[in-house]
Amino acid sequence: MSLSVSLTVNGRLRTIILDDPRVTLLDLLRERLALTGAKKGCDRGQCGACTVLVDGRRVNACLALAVSLDGSEITTIEGLADGDDLHPVQAAFIACDGMQCGYCTPGQIMSAVGLIAEGRAGNDPERVRELMSGNICRCAAYQGITEAVIEAGRALAERTAPSERTERSLA
Amino acid sequence: MNRFDYLRPTSVADAVALAAEPGSAYLAAGTNLVDLMKIGVSRPARLIDIGRLPGLDRIDWLPDGGVRIGALVRNSDLAYDARFAATFPAVAEALLSGASAQLRNAATVGGNLLQRTRCAYFQDTASACNRRHPGSGCDALQGENRLHAVFGWSERCIATHPSDFCVPLAALDAVVEVEGRAGRREIPLDIFHRLPGDAPERETELDGADLIVALRIPGASAAFSRNARYLKLRERTSYAFALVSAAAALDLDGGTIRGARITLGGVAARPWRARAAEDALAGRPADERSFAEAAGIALADARPSGDNAFKIELARRLVARALALALAGTPAVMPALPASPFAAAAGADHAA
Ligand SMILES: Cc1cc2nc3c(=O)[nH]c(=O)nc-3n(C[C@H](O)[C@H](O)[C@H](O)COP(=O)(O)OP(=O)(O)OC[C@H]3O[C@@H](n4cnc5c(N)ncnc54)[C@H](O)[C@@H]3O)c2cc1C
Ligand code: SF4
Ligand code: FES
Ligand code: FES
Chain A
1 MSLSVSLTVN
11 GRLRTIILDD
21 PRVTLLDLLR
31 ERLALTGAKK
41 GCDRGQCGAC
51 TVLVDGRRVN
61 ACLALAVSLD
71 GSEITTIEGL
81 ADGDDLHPVQ
91 AAFIACDGMQ
101 CGYCTPGQIM
111 SAVGLIAEGR
121 AGNDPERVRE
131 LMSGNICRCA
141 AYQGITEAVI
151 EAGRALAERT
161 APSERTERSL
171 A
Chain B
1 MNRFDYLRPT
11 SVADAVALAA
21 EPGSAYLAAG
31 TNLVDLMKIG
41 VSRPARLIDI
51 GRLPGLDRID
61 WLPDGGVRIG
71 ALVRNSDLAY
81 DARFAATFPA
91 VAEALLSGAS
101 AQLRNAATVG
111 GNLLQRTRCA
121 YFQDTASACN
131 RRHPGSGCDA
141 LQGENRLHAV
151 FGWSERCIAT
161 HPSDFCVPLA
171 ALDAVVEVEG
181 RAGRREIPLD
191 IFHRLPGDAP
201 ERETELDGAD
211 LIVALRIPGA
221 SAAFSRNARY
231 LKLRERTSYA
241 FALVSAAAAL
251 DLDGGTIRGA
261 RITLGGVAAR
271 PWRARAAEDA
281 LAGRPADERS
291 FAEAAGIALA
301 DARPSGDNAF
311 KIELARRLVA
321 RALALALAGT
331 PAVMPALPAS
341 PFAAAAGADH
351 AA
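Heads up: the sequence lines are chains A and B, in that order.
Position 24 (the first sequence) corresponds to 24 in my numbering; numbering is contiguous.
Position 234 (the second sequence) corresponds to 234 in my numbering; numbering is contiguous.
Treat each hint with caution, since some may be false.
With a straight-line Cα cutoff of 25 Å, these simulated SDA-like cross-link-like pairs (lysine to any residue) come out [unchecked claim]: (1) Lys38(B) with Glu31(A); (2) Lys40(A) with Ser42(B); (3) Lys38(B) with Arg116(B); (4) Lys38(B) with Ser72(A); (5) Lys40(A) with Val41(B); (6) Lys38(B) with Leu62(B).
Simulated from the structure, these hints should not be mistaken for lab results.
Here the structure is a predicted model, which is why all the values come from computation and not from measurement.
Could you build all of it, start to finish, from the sequences and the hints given here?
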């Protein structure tokens with residue numbers, strides 16, 4: 001049974017012919033599109049290393065069958081930067097030392113992009129930790145990760161609404 | 001993972017017709033099913049992808065003040081729906097205490113109800129498990145069974161149902177709407193999951209091709225909105241299944257309890273509604289003494305199925321605690337750590 005899947009991956013429309021419906025989104029990205037940024041940690045939804053955005057929402061690519069996402073828009077870590085200009089979340093992870101070995105980092109960053117878009121954590125570290133709990137870091141870089149998420153949230157808010165700057169810093 | 005055929009029907013009627021063929025399974029987000037297929041526990045010959053069936057992704061408010069939730073509504077979308085969270089706050093709290101943000105973004109309401117047990121022997125195809133392979137035995141009985149049931153178990157199976165969402169739903173008289181080959185029918189959520197008895201492989205009241213189309217919570221259950229909590233004890237505070245959990249809700253008339261709802265999670269193959277304890281609270285003063293007595297009644301018939309007697313005492317204390325927190329009032333904002341008894345002041349932000 002041959003199936004065709006069309007996905008817009010990092011802004012580019014890709015049509016992939018699958019000979020087998022068992023392919024997960026993670027395997028499609030890594031094995032067929034050579035996008036190896038999303039990592040396969042557990043392959044069972046338990047670590048978050050495979051986090052990508054599907055239609056703007058963060059999900060675990062390892063548990064989604066690629067065929068079921070036909071027509072969706074996928075954003076991976078490779079699609080975040082604008083040329084050499086890092087995305088604010090990427091920049092914040094560097095500035096705040098949000099990593100050690102880096103294995104979990106693409107998933108952490110994609111999860112943080114999703115978290116900021118969801119708008120539920122504000123700059124409360126407890127809420128950030130809770131809403132980032134789906135991303136495990138074997139090196140335990142959690143302190144830096146939490147700071148990076150808060151910092152990136154601030155940078156993104158300023159980028160979209162510079163006039164609210166003073167208000168936010170008072171809050 | 002076994003090979004399977006993949007089908008994507010475009011109507012509920014087509015989905016039900018396709019699923020009538022033996023070996024078929026519905027695919028929603030796949031966060032449980034694909035996982036179990038990877039480890040060989042589920043081996044469907046055909047996957048019927050219901051992810052895009054029209055009309056099942058809506059939250060509709062009903063004339064009686066209740067709500068109808070389509071089976072494909074995502075767990076996070078329901079929990080963050082402002083009106084839903086204000087009307088049925090314990091349900092929103094339970095949803096946000098489950099899994100991770102990524103999983104909640106994908107997971108559907110129907111899939112959450114039908115997620116399978118987390119019993120390790122169920123997941124290990126080399127083990128004996130009556131639920132997975134009827135008649136093979138139950139390795140959990142003499143095995144690692146700290147997390148297993150203390151209510152409603154049998155010698156054939158001592159597993160628990162792991163859903164958080166289902167616990168407050170059972171407390172609030174939710175009803176499951178099912179479309180089957182013989183048309184539409186409704187099943188109360190608190191008896192939707194079957195106790196194991198002699199046939200643990202029959203996990204729910206659904207038959208082969210039955211499709212969950214929606215869940216309803218009646219308007220009368222909104223009476224508990226100001227005093228409702230879900231508490232969940234876990235071995236880590238986030239991204240973990242419940243050891244035991246409790247939904248508690250009070251309808252108060254001044255200092256007197258007009259009505260109470262109590263349901264335990266993580267203790268049986270279904271959410272365990274404690275009706276005798278609820279009845280004992282009606283008309284009583286809303287205080288620690290009433291809560292302690294009700295908690296005792298709620299656990300009176302509990303029986304360990306292995307190394308899990310500790311869960312009974314834990315659950316008893318959790319019921320009393322959940323009732324006390326319900327009395328204190330539904331937090332104005334969702335606590336930073338939903339359902340955690342370790343959260344700081346209810347709903348408050350936390351200094352790092
Ligand atoms: C790491 C991890 C941690 C988790 N932690 C928690 C937790 O703490 N608390 C918790 O409650 N849950 C937890 N979960 C479970 C999660 O909530 C479920 O996986 C999810 O809700 C399933 O929804 P789904 O849409 O992905 O279902 P699927 O995986 O697509 O389906 C699950 C089952 O339901 C059937 N099905 C789905 N929809 C329908 C329908 N409409 N009608 C009939 N049959 C249907 C499928 O055939 C399948 O058998 C966790 C999962 C993972 C992977
Ligand atoms: S407790 Fe139930 S699910 Fe676990 S091994 Fe025994 S029969 Fe299987
Ligand atoms: S690889 Fe997907 S969650 Fe671990
Ligand atoms: S930086 Fe090493 S796993 Fe997170």
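Hints, one by one, checked against the model:
no., hint, in the structure
1, Lys38(B) with Glu31(A), "holds (18 Å)"
2, Lys40(A) with Ser42(B), "holds (22 Å)"
3, Lys38(B) with Arg116(B), "holds (14 Å)"
4, Lys38(B) with Ser72(A), "holds (23 Å)"
5, Lys40(A) with Val41(B), "holds (21 Å)"
6, Lys38(B) with Leu62(B), "violated (40 Å)"
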